[in-house]
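> Sequence:
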Amino acid sequence: MGLEWILQLVLFGVLHWALAALLLQDLANRKQVVGKRKAPWAIAIMFVTFVGSLVYMLCHPRVFLEDDTDENNTER
395 MGLEWILQLV LFGVLHWALA ALLLQDLANR KQVVGKRKAP WAIAIMFVTF VGSLVYMLCH
455 PRVFLEDDTD ENNTER
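First residue of the sequence shown: 395, per this note's numbering; consecutive thereafter.
Check the hints yourself; a few may be wrong.
[As the list claims (entries may be wrong)] Cβ pair distances, simulated, as ranges:
(1) ALA412 with PRO434: 20 to 28 angstroms
(2) VAL404 with VAL445: 16 to 24 angstroms
(3) VAL408 with CYS453: 22 to 30 angstroms
(4) ARG456 with VAL408: 24 to 32 angstroms
Please keep in mind that the hints were generated in silico from the structure rather than gathered at the bench. C-beta: ideal position from N, C-alpha, C; glycine also.
With these hints in hand, go ahead and build the complete structure from the sequences.
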């Protein structure tokens, strides 16, 4: 194994876990998710390297928005 390959692997791992942390926080704060079960999403995000995170972002495109509130349920 060359040093360049090892550095790429480490960078990929760091990116995966940073993205996983962001998405797990989003998952914990959501009231509802596609499929209505959070545990399978958490497992996919953590253990299906990078693909699980990408699938979660595709199914929940509002990940990077500030909050997940309904327009009908606004408190004033």
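> It remains to establish, for every hint, whether it holds in the given structure.
Tested hints:
1. For ALA412 paired with PRO434, a C-beta distance near 22 angstroms keeps the hint of 20 to 28 angstroms intact.
2. Checked against the hint of 16 to 24 angstroms, the C-beta distance between VAL404 and VAL445 comes to roughly 19 angstroms, which is consistent with it.
3. A hinted range of 22 to 30 angstroms for the beta carbons of VAL408 and CYS453 is consistent with their spacing of about 24 angstroms.
4. The hinted window of 24 to 32 angstroms between ARG456 and VAL408 holds, with their beta carbons roughly 25 angstroms apart.
Violated hints: none; the structure is consistent with every hint.
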